[in-house]
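Asks: If you want the building blocks of each chain, they are given just below.
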Amino acid sequence: MRQLLLRKLVELIVVLFVVTLVSFLLLSLVPGGNPAVRMLGDQATPEAVAELRAELGLDDPLPTRYLRWLGDVLRGDLGRSIDLNQDVADVLREKVPITIELAALSIGIGVLFAVPLGIVSAWKAGTRLDKVITSTSFAVLSLPSFLIAIVLLILFAVRWKILPATPAWVPITEAPLTNLKNLILPVSAMAIGEIAVLTRVLRSDMIEVLQSNFIEAARAKGMSNRYILTRHALPASLTSMLTLIGLQIAGALTGAVIIEQIFGLPGLGRTLLLAISRRDLVLVQGMVLIVAASYVIVNSLVDLTYRMTDPRLRHG
Amino acid sequence: MAETVARTVPDVDVDESRDVANAGNGFGLMFWFGLCWFIIVVVLAVIGDFLPLKDPNRINPADKYLPVLSEGHLLGTDQLGRDMLARIVDGAQVSMFISFVTVVVGISIGGIIGTVVGYLGGWVETVTMALVNVMLSFPALLVLLGVIAMAGQSLKIIVIVFAILAIPAYIRFARASAITLKEQEWVAASEMMGAKRTRIIFRGLIPNVMITLITFGLLALGGVIVAEGVIAFLGVGVPKPQATWGSMISDGNQAFADDIIHIALVPAAVMFLTILSLNLVGDGLRRRLQVRESMI
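If you're matching them up, the sequences are chains A and B in order.
The first sequence begins at 3 in the numbering used here and counts up by one.
The second sequence begins at 3 in the numbering used here and counts up by one.
Don't read these hints as lab results, they were simulated from the structure.
Note that the Cβ used here is the ideal one computed from N, Cα and C, for glycine as well.
Do not rely on the hints blindly, as some may be mistaken.
[Said to hold, decoys possible] From the structure, some residues in chain A lie toward chain B, with a derived Cβ separation under 7 Å:
| id | residue |
| --- | --- |
| 1 | Ser144 |
| 2 | Ile156 |
| 3 | Ile260 |
| 4 | Ala295 |
| 5 | Tyr297 |
Let the sequences and hints guide you as you build the complete structure.
Replies: Shown next, in the form of structure tokens:
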């Protein structure tokens, strides 16, 4: 057990090191990434640029600059966005909650619907109801979230005009109801796919569990179906689904990029795209670093959790 | 998605012969429907240049926003009066090109590397798999956005990045199949008969690995089509005015303000049907070849 933890930790550190290296090189190797030119404008004389470069330490060898940058990052200083005239860390502090709210609501709603659907589908396996659930979820899996978003927009915002297409952002702390109403479409667009994939995985696990001996034994003891399903079968069928939920959390960080773009939500994804289009590379670098690092950390936590819960994988 | 499932579902999924809903032999109607649609798309993409279609990039403001089934424009026109049918076919060429190159590169390079390291084992395998894990730990969309921010936007760059991003998943998959395969008697028999390693790998293992890898590849084709759509929508896809399904949907999104929905709906429907058909075909083949879902 300790050996596994240690190995996972080493792996995580290596990957995080690569993440920082890639994010660092992203800014250092790009021609347009020369911050001295950006700060002084296109009209600056080569001498002025050279002077500022020396002042900023840009002429030092790469490894020196990498270590200095890494030191700053570890102290929480991600640099300053020239275009927004704001510290990258502050930009992130403002944008991260929006993306997290979107991702958390989508996955929460996904689970809320997937559990009953998966149970019913497995319990009634082979019946018409199961076939409807299974084939619907199969079809939905062929619908990427941005297509769902487009269809929802067409129906609710263009045709019926019930909900706004790209509402102005209101933080949940200021006006919770407006905030939630504006999130109905974006969250649905992400949650529908979650429901489909989670239902499929839960059904598949549960069918296997329902055929095992301990369920047979529970039945023989005369327990009610409801009791067997919720107390015996469900907990035993959750492994794959929980793992998948963890990965979906990591995936939602990048999945939110497109949803935010479609619905004009000012979260991490949209900010990143704006930064890319303005070639605000300091901001791009900071965001890539933070998003990639969280993704990697969540992924390792998920991996570790299911290795620890599943005895068959504990020594793997 | 394919990659997600690979890492998530530990080996606990259903033995499909016991799964009543999936019982029955043969491919079933839906498989054939999927295959037909996919073949139509591929054929249209291949012969598109020789069809009597309008110029997909010809702008004609007088004819803008024509609805579906208009005279002379079967699928209507977009906000610049460009013929939607011609643009769908033109976009199919881009989608099919990107996805086939990505999957073929992934299958061939990833398949060979994965089979070789799976068969050889030892430190070669350890080092390769560590690298693969590092690559798979990166969120693909971010890598893509980062590269495009640096290298600029072009079809060539997009295809290269997609292909490189695809390889690790195939390595992992091929290695898993190779490890199972090398335990079989015929491998031991060939080794005893003095067959060279290269012969065992290239004549024995790789053809077998490829069968399952192609099933995975079919499902992955759909994933690449989605990825193209996503980056086109984000405005970092194949440069305009080249039509792609993703860029057409993105154009259509802007027309919602004028209450026009067919510009987004037509390419969205085509994309959905194509991904669905690939999933149907891939799923049918997977069942026939008895590849477990958890492996993919």
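Asks: Work down the list of hints and note, for each, if the structure agrees.
Replies: Against the structure, the hints:
1. At a threshold of 7 Å, the smallest CB-CB gap from Ser144 (chain A) to chain B is about 4 Å, leaving the interface hint in force.
2. For Ile156 (chain A), the suggested interface contact is upheld, since its CB lies about 5 Å from the closest CB of chain B, less than 7 Å.
3. Interface restraint check: Ile260 (chain A) against chain B, minimum CB-CB distance 5 Å, threshold 7 Å, status holds.
4. Annotation: interface hint on Ala295 (chain A) violated; nearest CB of chain B at approximately 10 Å, more than 7 Å.
5. A least Cβ separation of about 5 Å between Tyr297 (chain A) and chain B falls short of the 7 Å threshold, and the interface hint therefore holds.
Of the numbered hints stated above, the single one contradicted by the structure is hint 4.
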